[in-house]
Amino acid sequence: NAGVTQTPKFRVLKTGQSMTLLCAQDMNHEYMYWYRQDPGMGLRLIHYSVGEGTTAKGEVPDGYNVSRLKKQNFLLGLESAAPSQTSVYFCASSYLGPNEQYFGPGTRLTVT
Amino acid sequence: SQQGEEDPQALSIQEGENATMNCSYKTSINNLQWYRQNSGRGLVHLILIRSNEREKHSGRLRVTLDTSKKSSSLLITASRAADTASYFCATFQGAQKLVFGQGTRLTINP
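Protein sequences appear in the order of chains H and Y.
So the first sequence is numbered by the numbering used here: it starts at 1 and just counts up by one.
So the second sequence is numbered by the numbering used here: it starts at 1 and just counts up by one.
FYI, nobody ran anything at the bench for these hints, they're computed from the structure.
As the structure is a prediction and not an experimental result, all values here were calculated from the model.
Among these hints, one or two may not hold up.
As the list claims (entries may be wrong) - Calculated lysine to aspartate or glutamate pairs in the EDC-like style (CA-CA distance at most 20 Å, straight line):
(1) 56/Y x 66/Y
(2) 14/H x 79/H
(3) 97/Y x 59/H
(4) 26/Y x 59/H
(5) 70/Y x 7/Y
(6) 97/Y x 30/H
(7) 71/H x 100/H
(8) 69/Y x 55/Y
(9) 97/Y x 62/H
(10) 56/Y x 100/H
(11) 97/Y x 100/H
(12) 97/Y x 52/H
(13) 97/Y x 38/H
Excised from the complex, chain H in its bound form (with noise of 0.2 Å):
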């Protein structure tokens, strides 16, 4: 089994750019997360979904969407990019409820 895994694993992007983060996962968990990390700020919740075709705000989701169109996949979007999204950006899963939750291995995102 891969776990979870995550594309791209380091991007740069300018200012009003999009992109998309794609997590997937290969342990048939209905959770998924996205979460931001930041210096001195632990781990940030963004969005998340508790199955296929569901998605939940997070913390801090202004700025991102979501789509969990298949289980096993779970994308982040920024529409237009900004300096404050520059961040690492980790995907988690679980097999049911927030518990014992995989992680990725973090996508690095500097926005210039």
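Place chain Y on chain H using the hints.
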């Protein structure tokens, strides 16, 4: 807002010593979890303790939970260089999500 607050923010000890990290939280929880993050990597789940449990062990890890004080501690015994990482507590309060603290950076010196 961050629910869990770890203390200390950074800890440096000699290999073989025990390391203790603390986590405080503000509201009632269903469970509390500890995760480890090696530099440049994703988080790895270490242990989960439910609100009706007071202590739990897993290998060299010992977690305690005091719901009356809204605090938890993680003890790593006989530390090794490979234990160098950041450690995060996360609380499950409901609403299908975890809230993570800011983490403790642990350095094990050879």
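Subject >> Given pair status - residue 100/H, residue 56/Y, alpha carbons within 20 Å >> reply: holds, 15 Å
Subject >> Distance restraint between residue 97/Y and residue 100/H, which requires alpha-carbon spacing of 20 Å or less >> reply: holds, 11 Å
Subject >> Hint consistency between residue 71/H and residue 100/H [alpha-carbon to alpha-carbon, up to 20 Å] >> reply: Between residue 71/H and residue 100/H the Cα gap is close to 18 Å, so the pair holds against 20 Å.
Original post:
Between residue 70/Y and residue 7/Y, is the straight-line Cα distance small enough, at 20 Å or below?
Top reply: Holds, because 13 Å separates the two Cα atoms, which is no more than 20 Å.
**OP:** For the pair we were handed, residue 97/Y and residue 52/H, check the Cα-Cα distance against 20 Å.
**Re:** holds, 17 Å
Original post:
Taking only the CA atoms, is the gap from residue 97/Y to residue 62/H under or equal to 20 Å?
Top reply: holds, 18 Å
**OP:** Quickly compare the C-alpha distance for residue 97/Y and residue 59/H to 20 Å and report which way the hint goes.
**Re:** holds, 10 Å
Original post:
Within a Cα-Cα threshold of 20 Å, do residue 26/Y and residue 59/H meet the stated pairing?
Top reply: Holds, at roughly 17 Å.
Subject >> Given pair status - residue 79/H, residue 14/H, alpha carbons within 20 Å >> reply: With a Cα-Cα distance of about 12 Å, the restraint between residue 14/H and residue 79/H holds, given a limit of 20 Å.
Subject >> Restraint check for residue 56/Y with residue 66/Y, where alpha carbons must lie at most 20 Å apart >> reply: Holds: residue 56/Y and residue 66/Y sit about 12 Å apart, inside 20 Å.
Subject >> Restraint status (C-alpha distance of residue 69/Y to residue 55/Y at most 20 Å) >> reply: holds, 14 Å
**OP:** Sort out whether residue 38/H lies within 20 Å of residue 97/Y, counting only the CA atoms.
**Re:** holds, 19 Å
In terms of the numbered hints stated before, the structure departs from none.
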